[in-house]
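The listed protein sequences derive, respectively, from chains A and B.
In case it helps, my numbering puts the first sequence at residues 144 to 916.
In case it helps, my numbering puts the second sequence at residues 3 to 333.
A portion of the hints provided could be inaccurate.
[Unchecked claim] List of simulated lysine-lysine pairs, BS3-like, C-alpha gap at most 30 Å:
id: 1; chain 1: B; residue 1: K147; chain 2: A; residue 2: K433
id: 2; chain 1: B; residue 1: K147; chain 2: A; residue 2: K780
id: 3; chain 1: B; residue 1: K148; chain 2: A; residue 2: K441
id: 4; chain 1: A; residue 1: K739; chain 2: A; residue 2: K690
id: 5; chain 1: B; residue 1: K148; chain 2: A; residue 2: K780
[What the hints assert, rightly or not] Incomplete in silico selection of chain A near chain B, CB under 10 Å:
id: 6; residue: V551
id: 7; residue: F571
id: 8; residue: A691
id: 9; residue: A799
[Claimed, not checked] Over 12 Å on every C-beta distance to chain B, these chain A residues come out as not near it, computed from the model:
id: 10; residue: W176
id: 11; residue: H207
id: 12; residue: V210
id: 13; residue: L243
id: 14; residue: F251
id: 15; residue: L252
id: 16; residue: R285
id: 17; residue: I459
id: 18; residue: S546
id: 19; residue: G624
id: 20; residue: D667
id: 21; residue: N733
id: 22; residue: G761
id: 23; residue: K766
id: 24; residue: F788
id: 25; residue: V836
These aren't lab readings, by the way, just hints derived from the structure by calculation.
Where a beta carbon is used, it is the ideal one built from N, C-alpha and C, also for glycine.
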Amino acid sequence: MVDTGVKTDIRSAMWKPGGWQSLLTFIILALAWIVGFSSRLFAVIRFESIIHEFDPWFNYRSTHYMVVNGFYNFLNWFDDRAWYPLGRIVGGTVYPGLMLTSGTIHWFLSILNIPVHIRDICVFLAPIFSGLTALSVFLFTREIWNSGAGLFAACFIAIVPGYISRSVAGSYDNEGIAIFALMFTYFLWIKSVKTGSLFWSMLTAASYFYMVSAWGGYVFIINLIPLHVFTLLIMGRYSRRIYIAYSTFYIVGLLMSMQVPFVGFNPITTSEHMASAGVFALINAYAILKYVQSFLTKAEFRYFFFLAATGAAGVIFLTVVGLTWAGIIHPWSGRFYSLWDTGYAKIHIPIIASVSEHQPTTWVSFFFDLHILICAFPVGVWYCIKHVNDERVFVVLYAIFASYFAGVMVRLMLTLTPIVCVLAAIAFSKTFEAYLKDETPKSSTKESGDSLENKNDKLYDKVGKTKKVKEEKPKDQEGVGMNIKSVIVIALLMILMLFAVHCTWVTSSAYSSPSIVLASYNQDGSRTILDDFREAYYWLRQNTHEKARVMSWWDYGYQIAGMGNRTTLVDNNTWNNSHIALVGKAMSSNETSAYKIMRMLDVDYVLVIFGGVIGYSGDDINKFLWMVRIAEGEHPKEIRESDYFTPQGEFRVDSAGSQTLLNCLMYKLSYFRFGELQLDLRSPAGFDRTRGVEIGNKNFKLTHLEEAYTTEHWLVRIYRVLDLENRIQLTSPNKPIPKSKRKSHRRTGKKKIGHIKNKPKVVKGKKSKSKVK
Amino acid sequence: MATYSNMMLCTAFIMLLSLCFVSSVQKKKDDTLGEKVQQLMDWNNKKSIIRLNSETFRQYVRTVPRNYSVVVMLTALQQQRQCSVCRQANDEYTILANSWRYSQLYSNRLFFAMVDYDEGPDVFSHLKINTAPVFMHFPEKGKPKKGDTMDINRVGFAAEQIARWVGERTDIQIRVFRPPNYSGTLALALLFSMIGGLLYLKRNNLEFIYNKTFWGMGALAVIFAMTSGQMWNHIRGPPLMHKNPHTGQIHYIHGSSQGQFVAETYIVMLLNGAVVGGFVMLNEACSIKSDSGKKRVLSLVGLAFVAFFFSLLLSIFRSKYQGYPYSFLFK
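Next comes chain B alone, as it looks inside the complex (with noise of 0.2 Å):
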């Protein structure tokens, strides 16, 4: 009998003690959940994007017990790898990470995390990558899928998008906030000042406000940076010219009548602005008060500069436009 209960309480004790020991070890699970979201709470006070590097990223983001979703952007911002698009969609990604920070909404379920590549290299080979920026959804449970990857190259990397795309991933929705841009501002008060203050200085002497010159000149560059397709270039964003890869030669002219280099639209303004010089040329030739010489000289140079440069622009345009078969001066 003694023995039995003996053996009762060895028993119980030994299930104690392993019930204990269960508690235990599911209470450090526990514990170290609740570290890492506390740790990571903390780090989001201090900033709304969580730095990582190797050891931490295996830490919250790849070790299992998590009840949380990581965004991450896989990145290279330092100043030698030369990635300049790294650092736009850095900004754009701050603001998604702000705007998420200090939203109503704000909670635990998600934190948004970068790694450079300079801190943690071997996430980069880990996880297959090797473009950058690049980004990651982990979710809470499984493994990330296909689509937990953006798809920048489609979607671009505008906060809105990632917003979007978060909101696929995690069904949060995030409002996105942006800062207001004062640089625009910012510069537009600076101008007017500046303008204002120049008036103010110079409030005996309003000549220049009457002065024609000065008002044709803007009207002018105004009229060819729109007729030389500059606001082609600021809604597209074309390169500033190309580079063929193979032999190294430089095409400053985009090949097809679609599209357009940055470096061409320039050429095409200069050639434009040097037809309208031209032309004013031959007019001044007649007007102005000079010996016949000069006056020849000026006419025969403006007609030589309307002659010559609008059959440049001429054989720039065949040259892009198949099939075209005209041509002035020279093909």
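So that you can see chain A by itself, here it is in the shape it has in the complex (with noise of 0.2 Å):
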């Protein structure tokens, strides 16, 4: 958009326009780079330098021991604090990219004598990493469209919540990476297929190899990768370039994945990696056929054709089902299923529909993560496939599949961002470039350039500068007229920065909580910190034994592990359901039947979310109900689901509740002493903030358990199991054994106590016969 008009013009030919132009691109892009970081550092200064919420605990656990120990030996980590009895080998199952990542930075500062510690990399890592996402978004737009775009679509992903929600500072996760390595393996991707060079291919697969280590959506890209080549197939627009590009990359790719230890041989035995095979073959079986049709007459080639086509597909056929039904080849994997067959997860595995973020989205979600990108994006999905060429159609076909995706799954909604701010971008640098141009060609370029800068500031230059324009050619007969024209672009102007706006809005209201510490807000604004979390995790690190083992729902497992550096017995890497249905059946049932499963688990401790003083809704009778589902499926003669409700059908905690919940461990571990708290003098006794009713079951004992930590505002609460209790319950020593107990001990028949045959009787008042006689 700014090479228009250059040529004729001396002015702009003195002031080098290329020059300008990189310095503009330069600007802008480190702009959006200190914007992004910026705006995710919501967390950091409101409270403090930490890891946020569940998964990042663990990343940042096994990257401190990798820190520590050396690669190998975390490569070798056999984590024997998880999944009590069971253990976890975390380096074979865990995508080692992002503690590679941060590793290395560290590695790298400490050589340079920059002493940081790895916490605060972790913490800073997905900001950092959203500056270098912008840049490859910039110049994966910049081959689709032009330049100009690119920084649009740059200063967008700085910026758009739908990706600030998994990066913002202390959101250690592999998603904070995995973006920035999946729209980097795109651009090189495009541009292989454009240029048709090994070297842009092998690159490539060398970053779908970081992608692959990063994270497990690296699934999207070898399928949509094959999907392109597949489409372009059929459209006819076979090339040598792109036989060139995806050989090389499929091949490369391919071997490099399988070094992950993680990922192993999956590339080769599971389907989701099927269609990369069949592509890879359908495209060298097309070459040959090419390379036959050179020496062949039309007739000869078309009865080849049929008998090449019809065996080929026969045999890729028969193969595939052969090898499926053998069992080398694995079908597809449940979560994978469950995006297609939208009823899968519902039905088969409640432990995935359980979780939040694997829930399809409204169209609510789709507006507050993307505002006015959502309405501007299909415009340019519809101007690619008007100016259709090789790279559009991805893009195309990007967009439609991640739309798809991102409908299913809320959690989707980042791997569809990208491609949004993408034609977002090419829709606004379109219409700008059409308004703001001049028509006559003494229009100066700066203009147009610096428009892309408006973005995250300068809005109010911006404004300044099309009136000066609209002054110096108040008369126009041939276009739309300059009055017009800066009445749009004022009004596309104002709908960005509200935008801006927007998102900045979104990010420090949603996206910026670490949920490990709360915040309160009173009345007068002032802020209230609840920090129990930390407060029962540090306590768990003091005051118990090293080797103590803790029980809790999958949920804290990491937060256990990371910051009480205790053992647990299931955590957030739900791999195995009957270990986890095993303490939600602890959990659903009585005390008696919970102790004897927590003694076979040999557990010390039980850790229980309690939110009903403080009115907070994420606590565990909340979640109850996910647990009793998940042990009934496990368990289904003990665990009954409708046995938790009332008659009617209904969950509640108070008396009218079912006589099973009231007693269930789950209920007393939180609801232990609480019957004697008033809370405010309006409410009764044992008044439950968060659900809103007075407890029905207030004044019980715990027998086999016994309070051991309950934290300011009870929102984590610990308990001791106590050890078997004595057999024989002497009330006071001293006292002979009363005489009952022998009553005990009156056996029958020949084992009677010993006595005499033919003892005479003795009948008082009378003589013996013995003695008459």
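Two chains, two frames, some hints: make the complex.
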């Protein structure tokens, strides 16, 4: 867009537009990086530099382990602190890219003698990578459309909430670096399709390797790229460039991806990867056909083509079916299957359905995360189709499939966000290009270049400049006219400004809570920090035996291991459903049968989250039905979900609630001694603020557990599991054993106490018969 | 002596008689049970779900000598009852009954029956049921207990769920065999054959395959459907709209950001489409070959579309998302 009308303009030539353009590009990208980095720092500024939520704690713990013990020890790490008594082979069940990245940065900095704690690197890794993401989105969009659109896209991705949600400071998770890897791989792919050079496709494969080592979402790449190739084949856009790009990428990428221990032989044995193999076979077959075609007559070729096509299709189909049947190729895994058959997870895998980010997406969350972009990006799709070429086919496919996946699962909004930014940037850039351009060749290129800068700052400058243009050209007969043009530009800029404001508001209000430190606001606006989680975990760390085993629901497993440094039974790596179901069963049984399970699992402490005092809604009672459901899935005889409902089918904890619920372990541990607590004068004692009811079972005692610790706001409650009681309870040891004891020893038949046969019977007042004789 | 023997004979006779009588009573009881089972089996051979009315319901389900369990669906299938749920439940129930009828384990221990409200209203009144559909299990012995009424509000009435519940109540595990749903395949085949036919008919003029507008429309349709939450509708099945029972006011927009109505998603889809249309008009205004007046009108209309429909969308969002502070053009 900047190149337009440059040649004729002598002044512009004197200004060396190329230089200006690079400088502007550089400045805008740097600004986007800074803005993206700073807007992710809300949590750090409000609270402190800590790791957020659940999974990041595991990532942090493994990174720490790797930094301390070295990479090879990390790969061989068997974690006996998790999944007691099974343990977990961490090295083989984790995507190590994240840990390696921050480990490398730490190593590099320590070589430069910059002492930084690994925690700070972990906290700030995602914001730093957001800048790299912006850069790779810029490169990608430049390949697809032009650099103006690229700058728009970089600015959009820097601040869009759909991406910020997974990359705020402290959210140290795979997605933080994976989106960068994703977009960079796609950029390299587009580049290699355009050039057909081996160099770019090798780079694509290397970047793909990084992505595989970082996130399970690499499956999206290995299906989308083959789909792109396949579509190009169908459209008759086959060329040698595509052949080189895909064959190189597929083979090298395949070999490299198999080097990641967690992935291993999956790329050649699971159905998720079969599409890429199929397309590889297809493109080779097509290339052979093309080759054969060059020295056959038309009739011969037609015959040959028919024979080869049917033969190849039959062989491939039979091979896949045969291998699947023989069990060499695994069918789709549950998580992927549930993407296509949307009802599948709910029926078969409750543990997947129980996770809130696996729910379908409402239009509200689309709008919340993407704002104007969600309305504007179809325009980009439209123009990409209208002006189609090889790489735009890719963008369109990406947009369609990503929007489908985002519709099925909230979590996959993350993969949709980059392409929405790209396409919306194309839409805006095209519109601005049309309306900022002067009709006469005398127009200055600076204006149009400047317009890209508006995104995050200098919005007011923009208005002034367009006005200037308007004054210069008041009479315009050819086109739309300057007045209308400036009105349109100003209106669009206002919408974009609104978008920037929206993004900041969303980031600040919705996505910047660390969730292990809670904040509540009083009526006067002052803030109270609820630090109960860390209080409890620190208590565990200081006051329990080093080998103590803590039972809790799986959500808190990583945090207990990370912050409390104690052994857990289940954690957020939900690989063993039956183990989780056992914990769920213990939580939903009554105390006596739960005690049996806890003895069996060597539990020393039980930890529950209870929000009834402060009105925290994410506590264990609210999650309880999932525990019951998961337990019911494995133990349908003992646990029945219907027992926990009232006859009317309600789940309630007040006196009308079901007796099974009021006596189960989770209820008792949550509400132990809560009946004595009166929170304020208006409500009765034992009033649960989260559920807004007075609890039903107030005065009960625990027989097999005792309260060990309860945090300040009762948010976390820890109980100690008592040892078995002694068999005989001697109330006062000095007393002789009471006579009734003997009775219990009475035996029957021959085993009676010995007695003399024919013992003379003595009747009082009578002489014995023998004496008479 | 004679009298004695006479008496003996008499007693013997009486005893014999009584024995005979007792056995005949026993036999009659057996007979009725056998007959009942036979009758049920006969019906079952004809249809996998036995239709009962008040009379037969009392005779076969409620009277005591039974050595079989009966699962009864109480429903209202008549057209004028307008119970669409009942029809869906009936379909699922039929699948289950058929799976049982043609399974390996099929025996006379379990029967599937149904009572339609219009054929046996007193069954409903006797069981104190005033909703439909209701699934009840009548065990071999004793009266139905609490768990013998299936909680369809909680578990739904998918055939698998009913089978699970039946398995819990009777210890007979039925493997549900769904007849493969050919309608989807058939529709797909029809679609493909139509496309094929169309292609064949127009084989001399295949330009439209290269028509970008056609493909663009298709892509946009998919994207609009997804971004307006149609997949959510598909999975969660919300109502079309909500009618307030007290005021009779109709709400098209769900009040919370956690939910949505079907009508609402259509509105959002239209708004999205209108904004996109506005953008396209803005762009086309500059590229069409026409006089400047027409260009101006087109670009202004495009801008109006973008601004107006976007702010409309924003205000709908604002009404759903409590505490959202921003708006554009109007609240």
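A quick look at each hint next to the structure:
no., hint, in the structure
1, B/K147 / A/K433, "74 Å, violated"
2, B/K147 / A/K780, "18 Å, holds"
3, B/K148 / A/K441, "78 Å, violated"
4, A/K739 / A/K690, "20 Å, holds"
5, B/K148 / A/K780, "17 Å, holds"
6, V551, "6 Å, holds"
7, F571, "9 Å, holds"
8, A691, "38 Å, violated"
9, A799, "16 Å, violated"
10, W176, "26 Å, holds"
11, H207, "38 Å, holds"
12, V210, "41 Å, holds"
13, L243, "35 Å, holds"
14, F251, "42 Å, holds"
15, L252, "41 Å, holds"
16, R285, "20 Å, holds"
17, I459, "21 Å, holds"
18, S546, "4 Å, violated"
19, G624, "6 Å, violated"
20, D667, "19 Å, holds"
21, N733, "19 Å, holds"
22, G761, "15 Å, holds"
23, K766, "17 Å, holds"
24, F788, "7 Å, violated"
25, V836, "20 Å, holds"
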